[in-house]
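Enquirer: Here are the chains, one letter per residue:
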Amino acid sequence: MIDQIKLDENLVAQAKAHGASIASDVLAFVQGHTTVAVERTICRLLGIDGVNQVYAPYANVLVEHLKEWGLLSIGAAYFIAAAHLETKMSPQEIAEAVDQGQLQLGSFALPPGVTASDVLAPYINQSLKKIAEQRAKREEKIAAEPKKDRPLIYCIVATGNIYEDITQSVAAARQGADIIAVIRTTGQSLLDYVPYGATTEGFGGTYATQENFRLMRQALDQVGEELGRYIRLTNYCSGLCMPEIAAMGALERLDMMLNDALYGILFRDINMQRTLIDQHFSRQINAVAGIIINTGEDNYLTTADAVEEAHTVIASQILNEQLALAAGLPSEQMGLGHAFEIDPNVQGGFVLELAHALLSRSLFPQAPLKYMPPTKFMTGNIFKGQSQNTMFNIASYLTGQNIHLLGMLTEAIHTPFMSDRALSIENALMVFTSMAGLAEELEIKSGGKIEKRAQLVLEKALELLEEIDQNKLFHALEKGVFADISRSSQGGKGLDGVAKKDERYENPFSQIWS
Amino acid sequence: MQDKNFIKPYGDTLNDGKIQISFTLPLDAGAKAQAAASQIMEKLGLEDIVIAQEQSLSPGFTFYVAYGSFKAAIDLDTIVVLENEQKALTIEETDELIKRELGRKLTVIGASTGTDAHTVGIDAIMNRKGFNGRFGLERYDMLITHNLGSQVLNETLLQKAVQENADVILVSQTVTQKDIHIHNLTELIEMAEAEGLRDKMVFICGGARITHELAKELGYDAGFGSGKYADDVATFMVKELIRRKESNF
Ligand code: B12
Numbered sequence: 001m002i003d004q005i006k007l008d009e010n011l012v013a014q015a016k017a018h019g020a021s022i023a024s025d026v027l028a029f030v031q032g033h034t035t036v037a038v039e040r041t042i043c044r045l046l047g048i049d050g051v052n053q054v055y056a057p058y059a060n061v062l063v064e065h066l067k068e069w070g071l072l073s074i075g076a077a078y079f080i081a082a083a084h085l086e087t088k089m090s091p092q093e094i095a096e097a098v099d100q101g102q103l104q105l106g107s108f109a110l111p112p113g114v115t116a117s118d119v120l121a122p123y124i125n126q127s128l129k130k131i132a133e134q135r136a137k138r139e140e141k142i143a144a145e146p147k148k149d150r151p152l153i154y155c156i157v158a159t160g161n162i163y164e165d166i167t168q169s170v171a172a173a174r175q176g177a178d179i180i181a182v183i184r185t186t187g188q189s190l191l192d193y194v195p196y197g198a199t200t201e202g203f204g205g206t207y208a209t210q211e212n213f214r215l216m217r218q219a220l221d222q223v224g225e226e227l228g229r230y231i232r233l234t235n236y237c238s239g240l241c242m243p244e245i246a247a248m249g250a251l252e253r254l255d256m257m258l259n260d261a262l263y264g265i266l267f268r269d270i271n272m273q274r275t276l277i278d279q280h281f282s283r284q285i286n287a288v289a290g291i292i293i294n295t296g297e298d299n300y301l302t303t304a305d306a307v308e309e310a311h312t313v314i315a316s317q318i319l320n321e322q323l324a325l326a327a328g329l330p331s332e333q334m335g336l337g338h339a340f341e342i343d344p345n346v347q348g349g350f351v352l353e354l355a356h357a358l359l360s361r362s363l364f365p366q367a368p369l370k371y372m373p374p375t376k377f378m379t380g381n382i383f384k385g386q387s388q389n390t391m392f393n394i395a396s397y398l399t400g401q402n403i404h405l406l407g408m409l410t411e412a413i414h415t416p417f418m419s420d421r422a423l424s425i426e427n428a429l430m431v432f433t434s435m436a437g438l439a440e441e442l443e444i445k446s447g448g449k450i451e452k453r454a455q456l457v458l459e460k461a462l463e464l465l466e467e468i469d470q471n472k473l474f475h476a477l478e479k480g481v482f483a484d485i486s487r488s489s490q491g492g493k494g495l496d497g498v499a500k501k502d503e504r505y506e507n508p509f510s511q512i513w514s
Numbered sequence: 001m002q003d004k005n006f007i008k009p010y011g012d013t014l015n016d017g018k019i020q021i022s023f024t025l026p027l028d029a030g031a032k033a034q035a036a037a038s039q040i041m042e043k044l045g046l047e048d049i050v051i052a053q054e055q056s057l058s059p060g061f062t063f064y065v066a067y068g069s070f071k072a073a074i075d076l077d078t079i080v081v082l083e084n085e086q087k088a089l090t091i092e093e094t095d096e097l098i099k100r101e102l103g104r105k106l107t108v109i110g111a112s113t114g115t116d117a118h119t120v121g122i123d124a125i126m127n128r129k130g131f132n133g134r135f136g137l138e139r140y141d142m143l144i145t146h147n148l149g150s151q152v153l154n155e156t157l158l159q160k161a162v163q164e165n166a167d168v169i170l171v172s173q174t175v176t177q178k179d180i181h182i183h184n185l186t187e188l189i190e191m192a193e194a195e196g197l198r199d200k201m202v203f204i205c206g207g208a209r210i211t212h213e214l215a216k217e218l219g220y221d222a223g224f225g226s227g228k229y230a231d232d233v234a235t236f237m238v239k240e241l242i243r244r245k246e247s248n249f
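The listed protein sequences derive, respectively, from chains Z and D.
Residue numbering for the first sequence follows my numbering, starting at 1 and increasing by one per position.
Residue numbering for the second sequence follows my numbering, starting at 1 and increasing by one per position.
Bear in mind the hints are in silico, worked out from the structure with no lab data behind them.
In this text the structure is predicted, and so the values were computed from the model without any measurement.
Treat the hints with care, since some could be wrong.
[Unchecked claim] Capping the alpha-carbon separation at 20 Å, the derived lysine to aspartate or glutamate pairs in EDC-like fashion look like this:
id	chain 1	residue 1	chain 2	residue 2
1	D	178	D	199
2	Z	493	D	155
3	D	129	Z	164
4	Z	137	Z	201
5	Z	16	Z	225
6	D	178	Z	201
7	D	178	Z	164
8	D	8	D	48
9	D	200	D	190
10	Z	141	Z	226
11	D	129	Z	484
12	D	129	Z	332
13	D	129	D	179
14	D	239	D	155
15	D	18	D	42
16	D	129	Z	305
Bound-form chain Z, shown alone (with noise of 0.2 Å):
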């Protein structure tokens, strides 16, 4: 079926060359600037890590004493390899003694002609060699399961408390889940460190932190060795802190991220400088741990119609591609994102929902695309849920889709509870395992509602991408082009944490990654 659909191949290569000058454009600022989250991911990958007295991560110490005096623009990577270079100390060492207020690293200097990348080599090739190795045992479990012909469910756990996800997590992994993607609590994409230890205390989500990383691989890896399977888990590398969620998950074998900074910007108010800087490092992180990002444009419908406004979820797709594949991003780990979201009531509603399912799944053929259940017009009817959950199952085993993120019959009241799990999951697998073999059964008629449907979302999404392109994203940002909300490029959280670089500046990482 996914064949079938006919599109204007020459629109389709003028959307994506607009997309790939507007993300062009983006990495041309992107490289001459770095933010503190940047700067805190290379101490963390140098091995900063822990948290001093008062509960303030040490990567997080660091940077912020280098702000305080104005080196920020040089960056952590030259004043940790200088110390090093002259005291001997380990980063961790150097950040510490920061801390206690023993070094002042402005009174450091690489001698002409030493790099960072070379003194600190030992330190830099411990972390990629463990990012490595984590890539290569997940590989390795993938490759030992048993390959599935449908759409992989996707379930969400959110208590709030990681030690409780883990017991949600476990159950929905035996009920058939093959990814856990553990929510985030409200406010951490807007806090400004990443939080330390395993924590207990969240509202709508859990604390993103490395050990509750850490608690919830080993819970799915033993329940996945159990079940012969692999079970994937996802958090989400977004908000102020993306880069540094993006390293933890690849020190700790996260096997998706969500990742989009277009969600920060449109519904977090993050500044979209900071935040497209900090994007960029997050995906050659990801990229090279083998992480599939997620991408947010599902939830441009959930504040815009998503009739009117589907060719924006394929304009941002395409712009999130470039912007991907500029961070040396494959399109295997490019889980762009889109949605089941018209209202129910809308006269062939579902037809169009196929259109534009097909639509995404015609334009990026090697991508997991991620789909999103219905969510905007579930209500208290918890039994009408069920069945709008239900089309959508057989819309995205229909046209192919890879990441399905289960529904939930009780989205309009609660965070999932683990009945509410089960349900859907097996609302899922009786689809999957009724229908299979269905799509191939199945052509889509040429030049009939569907393709003509697809052909206009795409040429509403080029006439879309042309209009950025020319604007430049940032002013297009403000203008409000996207799930109808306008950012301005001076506000937002997270501004005064961009510097532009210091010609000594280095990165290590991003130099071998680019």
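Got chain Z; can you put chain D with the ligand on it based on the hints?
Expert: Relative to the frame of chain Z, chain D with the ligand by itself:
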């Protein structure tokens, strides 16, 4: 047949009292767990219990779908509800009322507060285009509106309210897990009281899980949940301001 004002749930026969329930027990499926499920139903005041489905969710967890008949009956005459059921005025009527009774434009400040990032609710009330075909407060000639968006600190909201000399504060809360909305709404009222603002402004909150009763309990003048729109809110706030004006004489 019982008195008309005594009410029982309805299955397919008046006063059969039928109720359908589903829940999970942290137990393995089996006779003992089933008996526990039945007892839970009994303690809820049900009889003729049928455990229709017992389904294992995972070792140690079992899901039940059960039916029973409600033994008691509810005497409607004893029920007093705190409702906010005024008939909504049209935009023109409201504008007219403000002009006539208050003689000046009213200032309304709204926000989705705390860590809450949901804006669709407050936008549904405030934005010009409104929601479900019911236009928002921005369309009223006699209202000056400021929608501060989401993730607004209570402190910021109050500052802005003082700065703009607000008559009405609108707060939206969507995330309710672990009662985060209660903490946040309570904090706002406490801050307003501490700053002597509570009686100077009309405080209204809203959101999918907010009821008028809850709002009153938390110290607000009114609360609006799903199915309520800008005209309901506008009607309430104008009448409340008129009431306050009159009671000051
Ligand atoms: C859209 C949506 C989002 C969008 C929001 C986009 C935006 N800019 O608003 C996005 C994708 C960003 C989002 C994010 C999250 N969401 Co959300 N989201 C929803 C969803 C699907 C619809 C909500 C909605 O827009 N309803 C439509 C509006 C019009 O309805 P309403 O808000 O009830 O408003 C009406 C009335 O209540 C009233 N009203 C509302 N406010 C006010 C204010 C005043 C003054 C008055 C008078 C009236 C009033 O008037 C309106 C018109 O009638 C619901 C699920 C659902 N179907 O309900 C989940 C839901 C609300 N989200 C939820 C959660 C947990 C989150 C997250 C916290 C998840 C996470 N951990 O990241 C994040 C939010 C992070 C944060 N910091 O807050 C949960 C909340 C669970 C709970 N009870 O605590 C829900 C129920 C989903 C779920 N089952 O898990 N979400």
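Enquirer: Check the structure against each numbered hint from earlier and tell me which ones fail, lowest number first.
Expert: 1, 3, 4, 5, 12, 13 and 14
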